[in-house]
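Novice: Residue-level listing of the chains:
2 protein chains.
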Amino acid sequence: MENRKIPDNKIKIPIIPVFDPIEELNMYTSLGSLHTFIKGSKIISPGIPFYSIIYLISGQLEASIVSRTGEEKYLFEICKNCIGVAINPNDDHEFQITAVKDCIVYFFTLDMMVEILSQDANLLKKFILNIVQKVHYFEHQARDLYQCRSSSRVFSFLYDLCLTKGKRVNDHYELAVENISQKMIAKITGTHPVTVCKLFTYLSREGIIKKNKKVIKIYDLNKLCNLIADEELTY
Amino acid sequence: MENRKIPDNKIKIPIIPVFDPIEELNMYTSLGSLHTFIKGSKIISPGIPFYSIIYLISGQLEASIVSRTGEEKYLFEICKNCIGVAINPNDDHEFQITAVKDCIVYFFTLDMMVEILSQDANLLKKFILNIVQKVHYFEHQARDLYQCRSSSRVFSFLYDLCLTKGKRVNDHYELAVENISQKMIAKITGTHPVTVCKLFTYLSREGIIKKNKKVIKIYDLNKLCNLIADEELTY
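Residue numbers (our numbering), protein chains in the order written: chain S, 759 to 993; chain X, 759 to 993.
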């Protein structure tokens, strides 16, 4: 068992912003309050105080942050057994959590969660690592938005996704993208959808990828990798 | 006492990225290991695994993240009684923590910290809120880097700083900026130093501010506020 310890504590920065599930919370749901939300409804809205930890039993939630001018910036997904730490007691917070599917969730007050975590060291460790994973993700995102061109962000997203989820098939890699639309890639990478579309057109024209709605076939992973650092690229 | 509860749990997003101190950890330093670092030395370097929580007794640390090309992106400061959760067991992490002053720190292993937190509900709550504060800060930063022009980021930094730290003196506000150089503002807002310089020149020329090395005097806070949203500004 001791050997498994280090890999367990590793913090992976996800490519698609879905953070590690904490299934162990299933044991404590009797200490939370059960709520259901239909697709499209808002659990948290900017300016409306909310002070709970959200634990998702089924469905899917999307967290975003709204700007002074009302523009929305996508943050992350909350999937089955994942949490959202929605500690926003102020009436000037700018967070939003929306049900993108019908959802069943539990709310835990922070005090209740603290009580639960105090009694379960393993769960506490997982909980801390989960929030730290979010810190790391957004530190990386801030860096990439600051330092990288849109093309670099979109190409490294595609490259990293291919390395982790792509399947080698003969002379190319295949990447199932049914759930990852160009619109989604635009949201995750903080890039305008029109720019993402142009970049994919460029990659197709250069013979680096072939794509349809379900699959992206990547024929030249090296060339894709080199394009990440290309500061002169015009598309 | 009950009345104090909500304000205590409020998560303030800092303007200068220094997160809430956790003085209560002073009681547990005997469970950590003591280290000293001279100014300029690196506690954490990219690619070198490190797996501890850092608690600063004296001095000052700066956390940053390095890019694929070696370029550095400033993240935050660690000041007296503040923590850095440096859980980077992988040899491909990109974080860096540097002593900007001579420092005395304690390192706690994650397991030891979990043990400490399990026994002290108040400390645990503060610890969770501290990490969530970091998540919120970088979510906001990612939004601002994505949505806002440099001018908007720099002007809102100055505006927010004036609202929280400015002193009303006759017809203007005075802001002590001995520790907040233009270089620092560039780092915090993710803006090129040359741009920050141009923006300050613009503000001076328009009679909105007067500045020297120690103080910025703000004569027209409303105009500064309006400039945040000005998409057409040329400077």
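The reader is advised that the hints may include incorrect statements.
No distinction is drawn between identical chains; accordingly, a pair holds when it is met within one copy or between any pair of copies.
Claimed, not checked - Result set (DSS-like, lysine-lysine): computed pairs, CA atoms no more than 30 Å apart in a straight line:
#1 K838 with K923
#2 K838 with K971
#3 K800 with K768
#4 K945 with K975
#5 K981 with K797
#6 K883 with K941
#7 K968 with K797
#8 K971 with K831
#9 K883 with K981
#10 K968 with K925
#11 K884 with K831
#12 K884 with K972
#13 K884 with K981
Everything labelled a hint here was simulated from the structure, so no lab data went into it.
If you're wondering where the values come from, they're calculated on a predicted model, not measured in any experiment.
Novice: Just pull the numbers of the violated hints for me, sorted ascending.
Specialist: Going through the list in order, the structure violates hints 5, 6, 7, 9, 12, 13 and respects the others.
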